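Chains as they are written, first to last, in numbering that gives the first Met the number 0: chain A, 0 to 228; chain B, 0 to 228.
Please note: incorrect hints may appear among the correct ones.
Claimed, not checked - Only pairs whose alpha carbons sit at most 30 Å apart, straight line, appear in this in silico DSBU-like list of lysine-lysine:
no., chain 1, residue 1, chain 2, residue 2
1, A, K215, B, K215
2, A, K99, B, K215
3, A, K215, B, K99
What the hints assert, rightly or not - Which chain A residues stay away from chain B? Per the calculated CB distances, all over 10 Å, these:
no., residue
4, G8
5, E33
6, G81
7, G89
8, D169
Hint data in this document are derived by calculation from the structure and do not stem from the laboratory. Predicted model only: the values in this text are computed from it and were never measured. All C-beta atoms, glycine included, are put in the ideal place defined by N, C-alpha and C.
Take a look at the letters that make up each chain.
Protein chains: 2
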Amino acid sequence: MNIAILGTGSVGQALAGKLMSLGNDVTVGTRDVEVSLTRVEPDRMGNMGIGQFMVDNPGVKLVTFNDAINSDTDLIINALGGESILEVLGAIDPNLIDSKVMIDVANPLDFSNGFPPSLTICNTTSLGEQVQTQFPTLKVVKALNTVSNPVMINPTALSGNHNLFICGNDMDAKNIVGGVLISMGWNSSQIIDLGDITNARGTEMFLPLWVRIFGKVQTPMFNIGIVTE
Amino acid sequence: MNIAILGTGSVGQALAGKLMSLGNDVTVGTRDVEVSLTRVEPDRMGNMGIGQFMVDNPGVKLVTFNDAINSDTDLIINALGGESILEVLGAIDPNLIDSKVMIDVANPLDFSNGFPPSLTICNTTSLGEQVQTQFPTLKVVKALNTVSNPVMINPTALSGNHNLFICGNDMDAKNIVGGVLISMGWNSSQIIDLGDITNARGTEMFLPLWVRIFGKVQTPMFNIGIVTE
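Full structure from sequences and hints, please.
Below, the structure is given as structure tokens:
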């Protein structure tokens, strides 16, 4: 697949590396390519700079947001922080995103008051819904936003049953995304389709609990599994 | 223990029945005892009326909210819907709730727009925090609000590792609540103390995902378990 990943942070890098290793044609979009390439040092969270990532992953293309999506793009991934995707997509030719499938991995986290973050939008709306509303012909599938980067790309590393929630309005798009998830190591029995995109309220509002569990388990290598009788 | 349960709905009934069966002295508080006793028919959700519950459980005492808490009360349980607890506690002699331990089981669910509910308060505050702030000498422990009534009182019915989150500012109070949870069948290894009462934001904001998972599994007999490497 031709995959355009918007965002050069740790989420974008993890997905770009994994999806390229699986044989996909991966393009990463950034605001300013020259500035991104200078980022060779780890950031203050210890995450690799995108400049170093590009040195280590010469098969990945790094271009501007506007150049990342073209008529050959099969799948867009939103790996930008917070609500940035709304501005970035708004600057792209609408014809290029029309009818395309997008995995929305982002959470509208607000770190303005430090850690743990709150959400910039929640409760009666969600980031997933706002993207879908502003770009109605885009097929938005909310997925992967309830797990850390290393779990996203290596789900079998966890030793027990655990689940991934997806939602979106277009069933064909959800099936395509399901295929991508399975290619990354997820088993179809782990993936729970909650329904339409309004269910993104549920998965995004899980983040305040996720960050607190993270504080207790002290590792990003965790997830939740549903247990029944 | 002398336990005062505020609220006569399905949560209050489930906890009252279980805690009495374990040998506790259980008093249920309601707004109007006479009106409550007339409720012998199931409600529109199919839950038993408190009037019928009292017929079936003659050992439980049903009194007004103000009479439910006295100097002998060891533990208060908030099993009221939404934010009702703030008004109910506000009408009780402050000396009677001073230094008492309260399990806050409630979630600030808003069904005014139907199902699934949103929350009346969330994100930068929580019901647990509001109770603690308005009644600073009460020892509020948020617990049991992330599971259904039947799971609360019968956690071993689920076939796999699953977890319960608690939080609160007073460690002694959390230990007392932990003892009550263990008496109801929870194993100490299942109980995760997230820290102070601000963590109630996390557990209350899990509800929007909980109701959506409930919609998929079609049974209240489920919970989540944390899976690691």
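Hint check results:
The suggested pairing of K215 of chain A with K215 of chain B holds, with an alpha-carbon distance near 28 Å, which does not exceed 30 Å. For the hint linking K99 of chain A to K215 of chain B, the alpha-carbon distance of about 27 Å falls within 30 Å, and the restraint holds. A threshold of 30 Å between alpha carbons decides the hint, and for K215 of chain A with K99 of chain B the separation of about 27 Å falls inside it, so the pair holds. The Cβ of G8 of chain A lies farther than 10 Å from every Cβ of chain B, with a closest approach of about 23 Å, so its non-interface assignment holds.
With a closest Cβ-Cβ approach of about 38 Å to chain B, E33 of chain A is found to remain outside the 10 Å limit, as its non-interface label requires. Taking the minimum C-beta to C-beta distance to chain B, about 14 Å, the non-interface status of G81 of chain A holds against the 10 Å cut. Once the 10 Å rule is applied to beta carbons, G89 of chain A is consistent with being away from chain B; the minimum gap is 25 Å. Against chain B, the non-interface label of D169 of chain A holds: every CB pair exceeds 10 Å, the least being about 18 Å.
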